[in-house]
Amino acid sequence: MGEITLNLLLLQTIAGVALGAIFVLLAIGLSLIFGMLGVVNFAHGAFFMLGAYAGVYFYGLTGNFWFSLLLVPLTVGAVGLAVERVLVRPLYGRGLDYPLLLTFGLSYVLVEAIRIQFGVEGYQMGTPAALRGAVDIGIGHFPTYRLFLIGATAAIVLALWLFIEKTRFGLIIRAGAQDPEIVRILGIDIGRVWLLVFALGIAIAGLSGILAAPTRAVTPEMGIPVLVESFVVTVVGGMGSLAGAVVAGLLVGIVYSLTSLFAPEMAEMSIFVLMALVLLVRPQGLFGRTGVFG
Amino acid sequence: MSTTRISLSRRKVLLGAAAAATSPFWFNIARAQGAPIRIGFPVPLTGPFSSDAQDQVRAAEVAVKEFNDGGGFRGRMAELLVRDDKLNAGEAATRTLELVEKDKVNFVVGSLSAAVQLSVNSVTKERKIIYNSISQSDAINEVKDWSPYTFHEALNPHITAGAVGRYAFKRFGKRVAFLTADYAFGHEMVRGFQRAGKEFGVETLADVRHPLGAADYSAFLPRIQALKPDILFFCNFGRDLLNSVKQATEFGLKSNTKFVAPVLLYSARSAGGPEPFEGVIGGTSFYWRMEDTVPSAKAFNDKFRKAHGGAVPSDYGALGYGGVRTVLEAVRIAGSTDSDKVSLAMRQLKYDYYKGPQYYRGCDHQSVQSILIIESKSKNMKDKNDVFDIVASEPPDEKYLRSCAELGHKA
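Taken in order, these protein sequences are the chains called D and E.
Start counting the first sequence at 23; every next residue gets the next number (the numbering used here).
Start counting the second sequence at 3; every next residue gets the next number (the numbering used here).
If we strip away everything but chain E, and leave its shape as in the complex, we get:
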C-alpha cells in the first residue's frame, strides 16, 4: 500500500513540476493580452511655447489615467510617450519616426506649432498611424496634407479669425493693423481676418511681420503707433504674444487702439499679469470658467484639479485632453487598435468630453466645435485663475469652416 501512495504522490510531483515548468508561458500569454496602447505625444517642451506644451502633457495624462481607471480596453492600458519636438519640424519628424519605428506607438497626438504638425503628419500618414493634431493650422485640413488618418481636434486660424473678427469689426472699427509672427500660423490668421473683414469693409493699414520668437518688438511698434489703427491684431503665440502685448502697452499704443489676439492664451495672461493684458480681447477654444454653463467642462476641470493639486487646465491643455480621449474612446468603440477601424470610429464619433458638443467633419476630420470670445480682466477676479470674462461665443457650425470643396476634397 505504501508503494502505491508513493507512486501517486510521485505522479503528483511530476505533474506539479510539469505545470510549474510551463508557467512562464502563462505569464507570457497574460502579458501579450495586456500589451499597452501606446500614444506618442511630441510637443515643444523647450522653447517659447513650453508652458503650453507642459499643460498639454498634464491634461493628456488625465485622459490616459481616466481610460486606465475605467479598465482600459480589454485589459490593455494606455501609455503616453511624451517627446520634445523643440518647436522644430526636422526634430519633430525624427522624434515621430522614432516613436513609430522604435517605440511602436499605436497613435500619435500632439504638437503645438503649425509647421511642426505638418511635419509630424507627413510621417504618420505614410505609415498609416492615426495622428490627432492639437494645434492650430489651416493647412492640415487641405487635401495636400490630409490623409484618412489625420484628425484635427484644435481650431484652425480660419474659424478663429472669423469668429474674433466678426466680433471685433462690429464693435471697434474698420482701420486695422496686424503684428504677425512670420510663419504659417501668423499668415493664416491674417488671411482669416482679411477674409472675415471683407463684409465689414475693413481697411488693412499694415501687416508688420516679426521673426518667430523675437524678444524685442521695439523696432516694430513706432510704425504702428504712427498709423493709429482702431484695432491691432496680435497674430502670434505663447511668449511672443506676451512680449509683444507687454511692449505695445509700454509704447502707449493702448490709448488709441484696441488690442485683439486671435488666440488669447491663458498661459500668456497668467504669466503676464493683469496690467499688460487689461482690456485685451481674444478667441479661444476653451476657458475653464465654461464649467459654469457646460457640465462636461466641470467634469473635466474636476478631474484635472484632482490630478494636479487644484490647478485648472488651460486652453491648450484641454486640447491635449480632448485629443487623447477621442482616440482612446474610438478604440473602445471600434473594438480594435487598427488604424482603419479607429479612423472610421472617430469619424462617426459625436462627443462632449470637455466643452460641449463636438464631432469630426467627414471630409477633412476637422473637429466642429464652439469658439469663445474672451476679454482679459483685472478687477472682479474671483481668484487668481479667474483672468477672463466670456463675452460671446459662436456655436459649433460647419458654416464657419472653409467648405470641403475649397479645401480640395471631393464631395
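Only chain D is shown next, with the shape it has when bound in the complex:
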C-alpha cells in the first residue's frame, strides 16, 4: 500500500475539493430549480454536457478561454430560458411527476442531438496555456488548472450568495421559495421570477461544463454519471438549500477522493454509502427543511 503520510492525505483532500467544486456548481443549479420551481431537473447533466460542447466550440472559434467562459453561460442560459418558457411552464401546478418526466425525456433528446451534430466520439479540450502545468503547493505537485477550478467555483458561489442575499431580486427569489402565493399577491410576476431562476440554474450547469471540460473527455454521455453524483449531493445537502449544496458538494468530493486512496474499488460506491448514512440520520439532508417535497 505504501505509507500514507499527512502530506499525501492533504494532497488527496485538495484533489477531493477540486472534484467537489464541479459537484457544488451542479448541485446549486439543481437546488435552485427545485427549491424555487419544484421541478426535479433530470436534464441537468445534459446541460452540463451542452456547456462543455459550447466551450469546445467557442474556444475553438475564438482561441480565448476567458471569453468562452463568458459566452457559455449566456448561450446555455438562453437555451434554459427557451426550455422553461416553452416546455416547463405549461406543466406548473401538476405536481412533481410531469416536469420530471419532461426533463428526463429532454435529456435523451439533447444527448442524441449532440451525437447527431458532433458525432459520438467526442472531443478533447486543451487546457488553456496560462493554466497548464503543475504548481508545487508545498505538499506536492498539483495541477494549476484544478487550483483555478477551486478558485473559480469559490468566486461563483460568492457572487451567487451576494446576489441572493444582498439584491432586491435575490430577496424576491427567497420570498418566492418560501411562499409564492404571497409574492404574487404583492404584485410581483412570479412567473417571470421562475423563468429567470430556471435559466440561472441552467446557466450555472453550462458554466460548470466548460470548467470541467479540460479535466476530462467531452463526450455526449459525459453528463450521465455527473447527474447521478449531483443528485446524491443535492440529497445529502438538502433539496432547495444552497449552503447544503456547497457543503455536500465538497463533502462528496472529499469522501470520493479519500476512499480512492484506501480502497479504489469502493470509491464509486462510497458516495452512495455517505448518502445512505445521511438519510438515516437526517432524512431531509444536512441543511434541508422537512416537508420540502410536496
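Simulated from the structure, these hints should not be mistaken for lab results.
Remember, it's a predicted structure, so these values are computed and weren't measured experimentally.
Incorrect hints may have been included.
[Unchecked claim] According to the in silico footprint, chain E covers these stretches of chain D (three or more CB under 8 Å from chain E): (1) 75-86; (2) 139-148; (3) 152-165; (4) 212-226; (5) 285-293.
[Said to hold, decoys possible] Restraint ranges, calculated between C-beta atoms of paired labels, are given here: (6) D:D158 x E:A394: 54 to 60 Å; (7) D:N29 x E:H411: 46 to 52 Å; (8) D:R107 x E:K146: 57 to 63 Å; (9) E:A37 x D:I138: 34 to 40 Å; (10) D:A100 x E:K172: 56 to 62 Å; (11) E:G337 x D:I138: 42 to 48 Å; (12) D:I246 x E:A394: 40 to 46 Å.
Note that beta-carbon positions come from the ideal geometry of N, C-alpha and C, so glycine has one too.
Position chain E against the provided structure of chain D, taking the given hints into account.
Below, chain E alone, put in the same frame as chain D:
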C-alpha cells in the same frame, strides 16, 4: 404453305412463351449461387472505444472489398454486417444471437473488449459459428472459453506485457506502479507484467484500480506521485488511456517516472496530441510505419489509403482487416463455408497479410505474430500521422505465449 409457316411460328411463340414463363427460375438459381458470405461484426461503436471500433470497421471493409474485387468465392460476395455492442457483454450476446439466428451470418469477427469477446464467443461456439476475436484477452485462449471455432487474431495481455515489460525493466528501473482499469484486460495486463518482472527482481509499489470509463483520475494520482516509482504502467485502453496519461502529466508525474502503456494506441495518441504523450513507451501489434520494412504492411496501407482518402490504419484497424481476411482466405482454401472445414483451413494457414509472417497455434488458435515496442514523439514528425518511433520488436515465437498445457489444452 402459309398455314405451315403460321403453325411453325405459333410453335415458336409457344416455345418462347414457355421459356419466358420459366425465366424466374433461372434468376432464382443464379441468386442461390450468389448467396453472400455474411460476416457479423459486433464492435463498440458508441462509448469510450468508439474511435478504435470505427477504424476496425473501416479496415474490415477494405478486406471485404479486396475479397469481392478478386471475384469472391465462386461468385459469392462477402458482406459485412456491423453491429454496435455498446461495450456491454449482454448487449453483445444479444446482437450476436441476432446475427446468427436472424441474419444467418456464416462467421463472426469482432469486438474490442475482453469481457465482451468472451460473451460473443459463448454464443458462437454453441452454434458452431467461427469467431475470430480482434481484441486482447488472455481468457479466450484458455480451455474453459475456447472451442474449435474460436480464433484469436489479436495479441493477448500475456504476450504484450511480456514484451513491453522485458523492454522497460531493462532500461528504466525496478520500482513499478500500475494504474489499472478495473476489468479483465487491466488485471490480465498487471499479471503479465508481474510475471515478466520476476526475472528482473521487480517490486510492485502499488496497483491502483480505477473504474472502467472513469473521466477523472485526480483521486488516484497523488498516491502514485508520493510513491515516486521508476515506471508507471497504464493498464487501460482507449479514452481511459488518453485521460489518465493527460492527467498524470498535469500532476507532474513525468519528472520522476517513465510512463509505459502496454497497449499504446494510435487513436489515443492522435486524439491527445504530442504533449501529453511525449516520451511515453508502449507496445502494439501494428503501426503504419512498418511499411518501411514490411512489404505486406505497405500493400495493406495503400489499399486503406485508397479506400479512405489518404488516412492510415490504426493498430486495431489492422486487426479488423486481418481478422476478416484470414476467414475469407480460409473459405477460399477450404472450398466451403462450412465451419469445420474453414476452421481446419485457418488452423493450417501460414499468412502474411499486413505485418509479416503469422500463423494460428494449433492448440488454442492464438495468432503467433510479432510485437512492436513504440515510443511517442513530438519532434521529427514527417507528417501528422508519424506519431511513433519503432524502438524494438520481438519476432513471432511461441515461447512468448503461455504453454498449451498451462492453458489447459491437452497436448
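Results of checking the hints against the structure:
1. Look at the segment 75-86 of chain D against chain E: 0 of its residues bring a Cβ nearer than 8 Å to a Cβ of that chain, fewer than three, so the hint is violated.
2. With 5 residues carrying a beta carbon less than 8 Å from a beta carbon of chain E, the segment 139-148 of chain D meets the three-residue requirement, and the given coverage holds.
3. Chain E is given as covering the segment 152-165 of chain D, and this holds because 7 residues of the stretch bring a CB closer than 8 Å to a CB of that chain, at least three being needed.
4. Taking a C-beta to C-beta cut-off of 8 Å, the segment 212-226 of chain D contributes 0 residues in contact with chain E, too few for the three needed, and the coverage statement is violated.
5. Requiring three or more residues with a Cβ within less than 8 Å of a Cβ of chain E, the coverage given for the segment 285-293 of chain D holds, as 4 such residues are present.
6. Checked against the hint of 54 to 60 Å, the pair D:D158 and E:A394 fails, with Cβ atoms roughly 35 Å apart.
7. Here the CB-CB span from D:N29 to E:H411 is close to 51 Å, well matched to the stated 46 to 52 Å.
8. Taken as a hint, the range 57 to 63 Å holds for the pair D:R107 and E:K146, whose Cβ atoms sit roughly 60 Å apart.
9. With their beta carbons about 35 Å apart, E:A37 and D:I138 fall inside the hinted range of 34 to 40 Å.
10. A C-beta distance of roughly 59 Å is found between D:A100 and E:K172, which places it inside the suggested range of 56 to 62 Å.
11. Taking 42 to 48 Å as the suggested C-beta distance range, the pair E:G337 and D:I138 conforms, at roughly 46 Å.
12. A beta carbon spacing of about 41 Å between D:I246 and E:A394 agrees with the range 40 to 46 Å that was offered as a hint.
Going down the numbered hints, you'll see the structure goes against 1, 4, 6, while the others check out.
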